[in-house]
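There are 2 protein chains.
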Amino acid sequence: MTIQPQAFLSELFDTAVAAAHPRQVLADYLPEDRSGRAVVIGAGKAAASMAAALEQAWQGPLSGLVVTRYGHGAECQHIEVVEAAHPVPDDAGEAVAKRILELVSNLSAEDQVICLISGGGSSLLALPAQGITLKDKQAINKALLKSGASIDEMNCVRKHLSAIKGGRLAKAAYPARVHTFAISDVPGDEATVIASGPTVADPTTSAQALLILNKYEIDIPDTVQQWLLDPASETVKPGDPVLDNCHFTMIATPQQSLDAAAEIATKRGITPLVLGDGIEGESREVAKVHAAIARQIAERHQPLPAPCVILSGGETTVTVKGKGRGGRNAEFLLSLAISLQQHPRIFALAADTDGIDGSEDNAGCLLTPQTYTRAHSLALNASDYLDNNDGYSFFEATDDLLMTGPTRTNVNDFRAILILPEGNYESE
Amino acid sequence: MTIQPQAFLSELFDTAVAAAHPRQVLADYLPEDRSGRAVVIGAGKAAASMAAALEQAWQGPLSGLVVTRYGHGAECQHIEVVEAAHPVPDDAGEAVAKRILELVSNLSAEDQVICLISGGGSSLLALPAQGITLKDKQAINKALLKSGASIDEMNCVRKHLSAIKGGRLAKAAYPARVHTFAISDVPGDEATVIASGPTVADPTTSAQALLILNKYEIDIPDTVQQWLLDPASETVKPGDPVLDNCHFTMIATPQQSLDAAAEIATKRGITPLVLGDGIEGESREVAKVHAAIARQIAERHQPLPAPCVILSGGETTVTVKGKGRGGRNAEFLLSLAISLQQHPRIFALAADTDGIDGSEDNAGCLLTPQTYTRAHSLALNASDYLDNNDGYSFFEATDDLLMTGPTRTNVNDFRAILILPEGNYESE
Chain A
1 MTIQPQAFLS ELFDTAVAAA HPRQVLADYL PEDRSGRAVV IGAGKAAASM
51 AAALEQAWQG PLSGLVVTRY GHGAECQHIE VVEAAHPVPD DAGEAVAKRI
101 LELVSNLSAE DQVICLISGG GSSLLALPAQ GITLKDKQAI NKALLKSGAS
151 IDEMNCVRKH LSAIKGGRLA KAAYPARVHT FAISDVPGDE ATVIASGPTV
201 ADPTTSAQAL LILNKYEIDI PDTVQQWLLD PASETVKPGD PVLDNCHFTM
251 IATPQQSLDA AAEIATKRGI TPLVLGDGIE GESREVAKVH AAIARQIAER
301 HQPLPAPCVI LSGGETTVTV KGKGRGGRNA EFLLSLAISL QQHPRIFALA
351 ADTDGIDGSE DNAGCLLTPQ TYTRAHSLAL NASDYLDNND GYSFFEATDD
401 LLMTGPTRTN VNDFRAILIL PEGNYESE
Chain B
1 MTIQPQAFLS ELFDTAVAAA HPRQVLADYL PEDRSGRAVV IGAGKAAASM
51 AAALEQAWQG PLSGLVVTRY GHGAECQHIE VVEAAHPVPD DAGEAVAKRI
101 LELVSNLSAE DQVICLISGG GSSLLALPAQ GITLKDKQAI NKALLKSGAS
151 IDEMNCVRKH LSAIKGGRLA KAAYPARVHT FAISDVPGDE ATVIASGPTV
201 ADPTTSAQAL LILNKYEIDI PDTVQQWLLD PASETVKPGD PVLDNCHFTM
251 IATPQQSLDA AAEIATKRGI TPLVLGDGIE GESREVAKVH AAIARQIAER
301 HQPLPAPCVI LSGGETTVTV KGKGRGGRNA EFLLSLAISL QQHPRIFALA
351 ADTDGIDGSE DNAGCLLTPQ TYTRAHSLAL NASDYLDNND GYSFFEATDD
401 LLMTGPTRTN VNDFRAILIL PEGNYESE
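As you go down the protein sequences, you meet chains A and B in turn. For the record, in the first sequence the residue sitting at position 38 is 38 according to the working numbering, with numbers rising by one throughout. For the record, in the second sequence the residue sitting at position 8 is 8 according to the working numbering, with numbers rising by one throughout.
Some clues are possibly wrong.
The list makes no distinction among identical chains, and a pair is therefore deemed to hold if it is satisfied within one copy or across any two copies.
[Unchecked claim] Derived pair list, reagent style DSS-like, types lysine-lysine, alpha-carbon separation capped at 30 Å:
#, residue 1, residue 2
1, K142, K237
2, K171, K146
3, K146, K323
4, K323, K171
5, K142, K98
If you're looking for bench data, these hints aren't it; they were derived computationally from the structure. All values reported here derive from a predicted model rather than from experimental measurement.
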């Protein structure tokens, strides 16, 4: 049997991305009833391509406005596409969020809103609540990020400082019907988490938000304190009748992409081992565990024999201490390279399905036995690069960057580690 | 089908420990030739029980001296057992190391040495090289531990500052035959790593040791610098004829213990998923990955359906920032508890096979759905306990400590995570 490891791993990644692309998945889920006015809104890294896919599949009149990240736009005929900043919101995002909110206000029960949500939507829809400035919100956000608050805690605060999140967008659209189509980039695929749930109920409260700010000793201006004490600051709660006409459909998830990749692997004669769609933890440590499992397969034929490909999704984190370049996936793969100790039969790919690893221009990187050879001939010390969080520079030097450009969808990270058996297995 | 999760997990741990116990594994490996004088020496957490097992199986005259950790002793008829400090060496360890070295010196080619080696032997056999004080060695050791040096780098330095490690014990015994029997507690099961390889060749050099001390800017006294520049500081190198009469046999490994546990699981109708015998990384992060895999099995039936038990070995690390109590396994299980978010069908055990997790009195801990209930009724916040590295106190409060006392063997950590299926599966 013959396999080209790099081509195989790239094929798995392309398959995972394709399985989550709006043009592949949106049409099947659209509502039958297309009467009345359809106003399209949306936010996220996939918003523009979702809008384009919607235009392709929809037979009635459409208009609207969606916001995506700079560089993630797509051509639409009837729906306006605006680009704004991610992950730190900018004025363009605030302006478009305001326009989106206005667009769905004053609709009737005969109208329908199509809301296209995907990862990144939270920063792109940054519209502060009444009396709060974007600057205040940004400062609190930054302080929370440094504080050690959990993602749930941060989301609780964010939703209560927003004019659009935590179901408020749906409330503004009431009594129109709201059909939300979402692409999940979060472990657990919870609707309230993706883009901070602008069209779904939020079980958390303003009081909880205040407690969290207090717990982490976040300095807040009086305006924020006053707002959180005002009943108007409450998000839309489960059971609220304004949500009666709201429908939520998940059209793509990390799990679906892993399953699609696993299917292709099986077709190619390589057994898939799906570890999980929601792997979290510090990138370099998560990599050590992946490396140990890969070595176990290679050396002990457990939990199953090679040829085999480990697949995992989710979102790792990087605690930045160095001054280097690169996202979570470069960091993961660099740590993996160190732990694998030049293993000759293990190949890997780690990349962000949105096509951008962190804030660089690569989707991720590849690791092959040749990577070690090239690193050695260039006298690169992988540990030094990892100490400096400089995975991008390392894999740039070894010519192992994976460049795809923005994919215009986002089901979080994708990792594939191929283990070949000993002996008469050819890799080209 | 009915299963008692806690009893099942405890049975797996007991099986893993039993599979690595000298009384179970030593006799089969003893040499046929029992002529001549047999001098027994040894060091490590299993040294006393290895000596006792040897006495049981050996038919000729035996005498000797082994050193084990305080509390890990066992009764012997002919072999003296001394206890000393671990992990920080003390004077008792230095004194016994000196006696062991003397015991094997001046032997003839007709004599044989039986050397019983297990994890912990490195600290227990702390005999500084000529002209270096134990205090100097301890100071360098501490500085290295804080420096971020890798375990390989630390071992290189340790071996070159020792009078006994890196093959020197075998050199002292020359021309007697040396039979080393070892129990591995290290990922990769390398003979040079277990107890710093007192009877096997060491490929590293004094020059490398100096470079490492320089790289991490470790302050060293002149005596140490002079020693490392002296050719006498070189360890015994591969191919050295003093090792011609040396035989090395691994009698127990982490992998064998995992296999034994897997076999029992299969017998009980629970599919084992062995992740690896050499899992490394920061405990709390390694736990997050284990949790994600367990959830994937519970919710997605991937990579295989429940009932299933994840098994893994190896040694995680804890970067201590808090002031709490507990070893690596308590830390692992506390982080696992947080990540599992009170999952009702996942049960876990994490424990050190030597019976002592870190420097507490427990082998490890158990985690069951009742743990969450008890923690809740006691108003314990798991995250606060984890922040304070206080896993022991948490699981002590929830009554989930696993107490075995010293097991007198050591194949590193053992983790088992049981996932039950939904529906008609009874757990008592």
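The hints, checked one at a time:
no. : hint          : result
1   : K142 <-> K237 : within (27 Å within a copy, 55 Å between copies)
2   : K171 <-> K146 : neither (32 Å within a copy, 55 Å between copies)
3   : K146 <-> K323 : both (17 Å within a copy, 22 Å between copies)
4   : K323 <-> K171 : neither (44 Å within a copy, 48 Å between copies)
5   : K142 <-> K98  : within (22 Å within a copy, 59 Å between copies)
Going down the numbered hints, you'll see the structure goes against 2, 4, while the others check out.
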